[in-house]
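Number of protein chains: 2
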Amino acid sequence: MYRGKAKTFLGDIQPGDKVQINQNKKIFQGFLMPRSELGDDKHLVIKLNNGYNMGFEIKDITIKLISKKDSQRLTEDELPIDKNKKFVSIIGTGGTIASKIDYNTGAVHPAFSVTELTNALPEIKEFVNIKPKLLFNVLSENMTPQHWKDLAVECAKQLNTGATGVVIAHGTDTLSYTAAALSFMLKNLYKPVVLVGSQRSSDRPSSDAAMNLSAAVKVATSSLGEVVVVMHGSLEDKSCLIHRGINVRKMHSSRRDAFRSINSPPIGEVDNRITFHGNYRMREDNKKVIVDDRFEPNVGLVKIHPGFKKNLLKYFVDNYRGLIIEGTGLGHIPSYLFDEIKRGCSKIPIVITSQTIYGRVDLKVYSTGRNLLGLGIIPGKWMSSEVALIKLMYALGHTNDLDEISKIMLKNITGEIPDSSCVNSFLM
Amino acid sequence: MYRGKAKTFLGDIQPGDKVQINQNKKIFQGFLMPRSELGDDKHLVIKLNNGYNMGFEIKDITIKLISKKDSQRLTEDELPIDKNKKFVSIIGTGGTIASKIDYNTGAVHPAFSVTELTNALPEIKEFVNIKPKLLFNVLSENMTPQHWKDLAVECAKQLNTGATGVVIAHGTDTLSYTAAALSFMLKNLYKPVVLVGSQRSSDRPSSDAAMNLSAAVKVATSSLGEVVVVMHGSLEDKSCLIHRGINVRKMHSSRRDAFRSINSPPIGEVDNRITFHGNYRMREDNKKVIVDDRFEPNVGLVKIHPGFKKNLLKYFVDNYRGLIIEGTGLGHIPSYLFDEIKRGCSKIPIVITSQTIYGRVDLKVYSTGRNLLGLGIIPGKWMSSEVALIKLMYALGHTNDLDEISKIMLKNITGEIPDSSCVNSFLM
Chain G
-17 MYRGKAKTFL
-7 GDIQPGDKVQ
3 INQNKKIFQG
13 FLMPRSELGD
23 DKHLVIKLNN
33 GYNMGFEIKD
43 ITIKLISKKD
53 SQRLTEDELP
63 IDKNKKFVSI
73 IGTGGTIASK
83 IDYNTGAVHP
93 AFSVTELTNA
103 LPEIKEFVNI
113 KPKLLFNVLS
123 ENMTPQHWKD
133 LAVECAKQLN
143 TGATGVVIAH
153 GTDTLSYTAA
163 ALSFMLKNLY
173 KPVVLVGSQR
183 SSDRPSSDAA
193 MNLSAAVKVA
203 TSSLGEVVVV
213 MHGSLEDKSC
223 LIHRGINVRK
233 MHSSRRDAFR
243 SINSPPIGEV
253 DNRITFHGNY
263 RMREDNKKVI
273 VDDRFEPNVG
283 LVKIHPGFKK
293 NLLKYFVDNY
303 RGLIIEGTGL
313 GHIPSYLFDE
323 IKRGCSKIPI
333 VITSQTIYGR
343 VDLKVYSTGR
353 NLLGLGIIPG
363 KWMSSEVALI
373 KLMYALGHTN
383 DLDEISKIML
393 KNITGEIPDS
403 SCVNSFLM
Chain C
-17 MYRGKAKTFL
-7 GDIQPGDKVQ
3 INQNKKIFQG
13 FLMPRSELGD
23 DKHLVIKLNN
33 GYNMGFEIKD
43 ITIKLISKKD
53 SQRLTEDELP
63 IDKNKKFVSI
73 IGTGGTIASK
83 IDYNTGAVHP
93 AFSVTELTNA
103 LPEIKEFVNI
113 KPKLLFNVLS
123 ENMTPQHWKD
133 LAVECAKQLN
143 TGATGVVIAH
153 GTDTLSYTAA
163 ALSFMLKNLY
173 KPVVLVGSQR
183 SSDRPSSDAA
193 MNLSAAVKVA
203 TSSLGEVVVV
213 MHGSLEDKSC
223 LIHRGINVRK
233 MHSSRRDAFR
243 SINSPPIGEV
253 DNRITFHGNY
263 RMREDNKKVI
273 VDDRFEPNVG
283 LVKIHPGFKK
293 NLLKYFVDNY
303 RGLIIEGTGL
313 GHIPSYLFDE
323 IKRGCSKIPI
333 VITSQTIYGR
343 VDLKVYSTGR
353 NLLGLGIIPG
363 KWMSSEVALI
373 KLMYALGHTN
383 DLDEISKIML
393 KNITGEIPDS
403 SCVNSFLM
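Chains as they are written, first to last, in this note's numbering: chain G, -17 to 410; chain C, -17 to 410.
Note that these hints are calculated values from the structure, not bench results.
Since copy identity is lost for identical chains, a pair holds within one copy or between any two.
Within a straight-line C-alpha distance of at most 30 Å, the following computed BS3-like cross-link-like pairs (lysine-lysine) qualify:
1. 329 with 292
2. 346 with 24
3. 139 with 68
4. 346 with 29
5. 292 with 131
6. 131 with 291
7. 41 with 0
8. 346 with 0
Kindly produce the complete structure, drawing on both the sequences and the hints.
Below is the structure:
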C-alpha cells in the first residue's frame, strides 16, 4: 500500500518484513507496517520490538532489510527442539490473538510464526518446546460445527503423539461455544486442552495476548486433564483465570476480563504459578484421547420475549431437528405457545433454558413450568442456552429416539449439569 | 379441595378465609390454605400471621371463621384516606408479588386486597395513603405490548390526578421489558414510576415481597422523576437497589438479588432512607405526563450462534417489520449471512446488539463490523437486545422511513444510550 516516493524508497521491502532504520545515528528495529490508504507517500511506520508503532519521514532515514515476512511459513521442522523438554502444541485458528500486523487495515493476518510465538513467550521456551500449527484462519464468528470437528481431531492427534498439552488460540466471539463442543467431543481426555484468546490485538499496548498465551501454555503443562479456557481475570495484568470449558461465557464485548465462569467459580488462577481452587480432573498421561464428533448441526435457538409470534415457533418446529428455547425466569414462555409446543415436542426435542444467564431452569415452581413439563419440554437445568445448543447437537448426533435424547439432555456428561450443592457463584 | 371428614368439619369455610383455631387452649389465627390433592381428609393447614404454614389434625381442634376471603374486592373506596397525606397508587398486574394464597397449587391468585397490602406495609401507611388498583392479573411471561399500553395509560391517569408516585407490582420474568417500554411511552414524566416484583411468593419465609414493596412505595414518594425498578440488592434483607428502568436486567432465575443494572451502577439504594448515588431526573409535580403508545409489535429478535442458518434470517426479513440480531462480541455475525443482511437492510431496519450482555456494540474495530455497517445494519451501541427490541417497536410505531428509524435508534431518548464516560460497571 506504500506508493509514490515511499514505494520507491522501500524497493523490495514489503509490509511485514523485519527492518532496521537508521535516523540521526539512532538505530530502530521492527516490522514494516502497512499504511492506511489515506496516508501520504512521505512517511513509513514500523512496529518496534517493544510493541509500539513509530512513524518516520523517509527523507530523514536509511532502511535495511533484516528478514522477509515469514508469517506463512509454519512448518514444524523449523523448531529448535530440546529433547529433554516436554512439548506443548499450539493450534492456531485465527482471531485477534493471531492477528498481528495488518490490524489497522482490518485484514486479519495469520501472524503466527515460530519467531513471533517464541518471542511472545520468553520465559516459557526455557522449560517447554512449543509446536505451533495453524489449523485454519477464521474469525471466530465464522466458526462452524465442522471446524469443531477438525479441531477435536487435531487435539487428539497432538495429545496421542506425545504433546503434554494443547493450547488453542481462538477468536473470542465464539470461543466458549468451541470450548463446550470440545468438552463433548474429546472422550477419555486426561490431558489439558486450553483455549485462549485475546480481547486486544497484540499490536496494541494494552494487549492481553502475550500474558494469556503464556498462562495458557503453563496450564497446558499442569496436572490438569480437561478442556479449559484461560483468559485475563481482571483489568490489571495480575493473573489469568482457568475456567471450565463447559461453563464459561464471554460476558463483555471488549474488556480483557470478559470471560467469566457461570454459576460456579473458576477452577484456578495463573500468575507466576498455578493455583487450583476447585476440583478438577487430574492428568493421566497414559490415557488415549478418543474423538466422538457425531454432531447434528441442524439445531435451532430462539429467545422468548413479549410480542413473540407463534408462527416463528412453528417455523423452528418445521425446519429444525431440535430446538433450544431461551425462556424467561425459571424457564417460562407465554401460554399462547403451549399448543405449538405440544405439537413440536411430538416431533423434535425441545429444551428450555433461561435468558437470565445465571441460575437454573426449574419447571416445578410455577404452573407455567409444570404445564411445559406436561407438554414434553426438556428442562435445561444449569445449562446456558449455548451449552444446551451444543449438547443437543451432540445428543441428536447419537440417536433419533426422543426418549433417549431426553435422557441424554438430563444427565450430566462433562460438567454441564453440576451438582446443585457446588453452585454458588453469581456475577463473579 | 378439602374432602371427606375435613370438608364436613370446615362447613362453609373456604381456602383463603381468615380463621381462628383453638387447640388445647392455644389460639392460632391465619388464612386457611388449600390442600394438595394428595393430602388426606384428617388435616388442614393455615398460614399464620407470621407467614409460616401450620398443619392441624381436625380431631384436636375447633375452628371459627373470622372473615371471608376478600381478595377480589379491590374497590378504591374501601381505603381509609387521610387527607393530610400524599397518596401512592399501587397498580397490580399479577406475578409472584401478587400471588399469596394458592401458591402450592400453582394457581396464581390475586391476593391484592387492601387489608393484605396495608398489613404488608405497616410503617408505610403511617405517612402515605395507598391506593391499590388491580389492572390485570397475568403471569409476566404472558405480558404483551398491549399490556404495556394499558399500563402506561393507567400510570398517566394516576399521576395526572394527584398520585405522588406510582408503584407497579409485576411478575419478574418480563419486568425489565415492561420497565423499558414504559420508559419510552411515558413522555414528560417528572414523578416516580416504580416497578417492583418478588422472587419468592409472600407465603414463603424467605419472601422478598414485603421489603421490596415497602422500598418501592418509599421511592414513589421521593424526589425522583423517572421510571425505575426497585428490588433486593443482596441475599441479605439489608437494602433494595434503585435501577434505572431502561438499563436493568433479570440476571438470575431465582435469587432475590437477581435484578442488576447493566453497564452503569444503580442510581440509588433504599434501607431506612433513600440514598441516591448517581444523577437522576428530579421530580416536578406540576408537569403533566403524556402517553405516547405508538408501538409496532411486529419486531423480531434472533440470536447468532455457530451453525446459524441463512434461511432463518431470510424468514425474519420476510415476516417482520424490524429485526434485532443478537450478535457475538462487538456485534458480529458470520460472513455467509452478509448478502441476506444486505437484502434485509433494504427492506426493514436491522439492529445488531451483543449476546455478551455487558459492553457495547462497536462496528468499527474489526472488518466484520465495518462490512456490516456498509450493508446498512444499525449498531445497537449500549442497548441490550431487550431494550433495542422495545426501542425498535417504538421507532417503527412513529415512522416507516428507514433513514428516520436509523436516526431514532442511534439517538439517546431516555437513557438507553448513555454517554460512554458514564459507563463503568461490570457484573455488579
